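Enquirer: These protein sequence lines map, in sequence, to chains A and B. FYI, this note's numbering numbers position 169 of the first sequence as 169, with every residue one higher than the one before it. FYI, this note's numbering numbers position 9 of the second sequence as 9, with every residue one higher than the one before it.
Since the hints were derived computationally from the structure, they do not count as laboratory data. From a predicted model like this one, the values you see are computed outputs, not experimental measurements. All C-beta atoms, glycine included, are put in the ideal place defined by N, C-alpha and C. Treat the hints with caution; some may be incorrect.
To be verified - Here are a few chain A residues that face chain B, going by a calculated C-beta distance under 7 Å:
#1 G81
#2 K111
#3 R127
What the hints assert, rightly or not - Some chain A residues well away from chain B (every beta-carbon gap over 12 Å; in silico):
#4 S80
#5 H215
#6 I239
Said to hold, decoys possible - Computed list of lysine-lysine pairs in BS3-like fashion (alpha-carbon distance at most 30 Å, straight line):
#7 A:K209 with A:K153
#8 A:K130 with A:K162
#9 A:K209 with A:K162
#10 A:K159 with A:K217
#11 A:K166 with B:K128
#12 A:K162 with B:K322
So the chains spell out like this:
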Amino acid sequence: MQKRNSGADFALTTSQIPGSSKPDPILIADKITRQFGGLTAVNVNHVEIQRGSITALIGPNGAGKTTFFNLLTGYDSPNSGTWSFNGMALNGVPPYKVARLGMVRTFQLTKALYRLTVMENMLLGARAQKGESVLRSVFPWIWRSQEAAIRVKATSILKNFKLIEKQDDFAAALSGGQRKLLEMARALMVEPEMVMLDEPMAGVNPALKQSLLEHIKELRNEGKTVLFVEHDMDMVHEISDWVIVMAQGEIIAEGTPATVMGNNQVIEAYLGAHHDTDLTSEGA
Amino acid sequence: MDFLFIIQQTLSATLGVNAIIFALAAIGLNMHFGYTGLLNFGQAGFLAIGAYSVAVPVISFNISLWVAFLIGIFNSIIFALLLGLPTLRLRADYLAIVTIAAAEIVRQIARSATFRDFLGGSDGITGKFASEFFDLNPFKQGLTTPILRFSGNDLWVVITGWILVALITFVMWVMVNSPWGRVMRAIREDEDAVRSLGKNVYLYKMQSLIIGGVIGSIAGFVYALSRQSVQPDNYGTALTFFAYTVLILGGAARVFAPIIGAMIFWFLIVFIEQVLREGVTSDVIPDWLIGVNQVGQIRFMLMGLGLMLLMIFRPQGIFGDKKELALDAKA
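Working from the sequences, and respecting the hints, build out all of it.
Expert: Encoded structure:
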């Protein structure tokens, strides 16, 4: 298989303007709007996500990043617009089908399943389990061998995420950072092509942060696409190949981390247009 | 006071027909509430549908009792679909509201004058619809020992009933410990997370509602058979709440909880009643304190007090794990 190395290649040849086309997009969204009453939370004209890249979605609070995430993954429906994943139109596709197509998300407020053990959380993630059918569940010999295979896979991922000692603990017993790790590890059990991470670093201590970063880079090395929402600019800088900036529901900038963070519009969106005006002079 | 009589009455109730009915009703609720997190407040409706479905076909249409059982299961599946289709996509509270209303609708229709010819109105149905079942009884003389006493019919219901409870509990145990059961428990914790892993949550919730409902209707079969009559007002909201009491007593999301819960529930009710009654009639309890006619009410008061104490000192129920219950706070 052709080794698609980091997004750096495509980043060099792609124009750094909002809505620019990518050489090999896995996700394409067009004219997506979502209104809550009078408020337009999302108004994205066109966006493409490059396959095999790590793309960051940043923006100030209330920019519509999470709403956009919810729309893309089927957890919310837009007022208008179309979007496709791997060429498959996703309008009206329910979240569970989106996940089965290979686009798996995590949540801003971590959704570890508290009264399931860490191992059960992991096992749940595997696809096409025979024992998950109501009729076959009654005949353990039908699903036992598959269950064992899934357990082997879960064990190896848990080892990789350094959660293996916790495998028999309830997920509720984990720390906030460990729950983020578990949620990501669980998403990998689905064998996704694209992973959508909603603020993977929020509330994670610096030591765990580094290991989370490594895991995300590893996903790219395995050929998976990562789209993540994040506020931690150091992280965005360190791992993303491409950055998309949202403000007030619209995409206002796109480009490599270095270019985007030097962009005046982006700085204004984050800090306000008059952030360097001396406050004392206004009263005079 | 006749202590032996108290023991005999209490033990017979602990293992008796009512304990079977409530165990079955609570097993259904355990599927709904304990394992899937569905707040079904209309379990009485499923029992009513089960009970009427065995009585009406046999009496009004001369259909065999065994076919009537199948009709009952079919009807409870239809009822579960009716409840679930509009509500399972909504938040859990909506199911609670809809189920409590639906169960009342079932009861009101059953006791309405309009369908009196079929359903017997407020008098219900009394008749020989259960003869096919009791004809098979090899223990017609019943059981009389110092500590246990059942009439011939009751003994037959008790034996077949507990076998049924054991079978259903075994199947439940296999199911909740399978990957299917894992999905169910995950839905109880957070449905959105389960969706994000590619599971059709709506389908699973519907399966849970149907399975728990069918078990509820089987409880209704036992209710109708054991009394050889069906009274609409037996299937009010109190029945649902007693079934919940049984479940919580035992400990939700524990396979054996409904059985032990039902036994404890009927042990307490009958024990308290018999002690009070014996106490009053033999003047151990003075008349100015409790009269004979008040015993019925006071046993429920004491029962309520006991339940409150249980919830304070052992909120997880008999089988539950207190640590696990504390996790529910979603720390």
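Enquirer: Against this structure, judge whether each hint is valid.
Expert: Status of each hint after checking the structure:
Interface restraint check for G81 of chain A: the shortest CB-CB distance to chain B comes to about 21 Å, outside 7 Å, so the restraint is violated. Nearest Cβ of chain B to the Cβ of K111 of chain A: about 4 Å, under the 7 Å cut. The hint holds. For R127 of chain A, the interface hint holds, since its Cβ comes within 7 Å of a Cβ in chain B; the closest pair sits about 6 Å apart. Under the 12 Å C-beta cut-off, the non-interface status given to S80 of chain A relative to chain B holds; the minimum distance is some 23 Å.
A cut-off of 12 Å between C-beta atoms confirms that H215 of chain A is not in contact with chain B; the least separation is 18 Å. The non-interface label for I239 of chain A is consistent with chain B: the shortest C-beta to C-beta separation is roughly 22 Å, beyond 12 Å. At roughly 24 Å between alpha-carbon atoms, K209 of chain A and K153 of chain A fall within 30 Å of each other, so this suggested pair holds. Among the hinted pairs, K130 of chain A with K162 of chain A is consistent with the structure: their alpha-carbon atoms are about 28 Å apart, no more than 30 Å.
Note on K209 of chain A and K162 of chain A: the hinted pairing holds, with a Cα-Cα distance of about 13 Å set against a maximum of 30 Å. This hinted pair checks out: K159 of chain A and K217 of chain A have alpha carbons roughly 17 Å apart, not beyond 30 Å. Of the pairs offered as hints, the one joining K166 of chain A and K128 of chain B is violated, with about 60 Å between alpha carbons and a cut-off of 30 Å exceeded. Restraint check: the Cα-Cα separation between K162 of chain A and K322 of chain B comes to about 28 Å, which is no more than 30 Å; the hinted pair holds.
Violation of the numbered hints given earlier is confined to hints 1 and 11; the remaining hints are satisfied by the structure.
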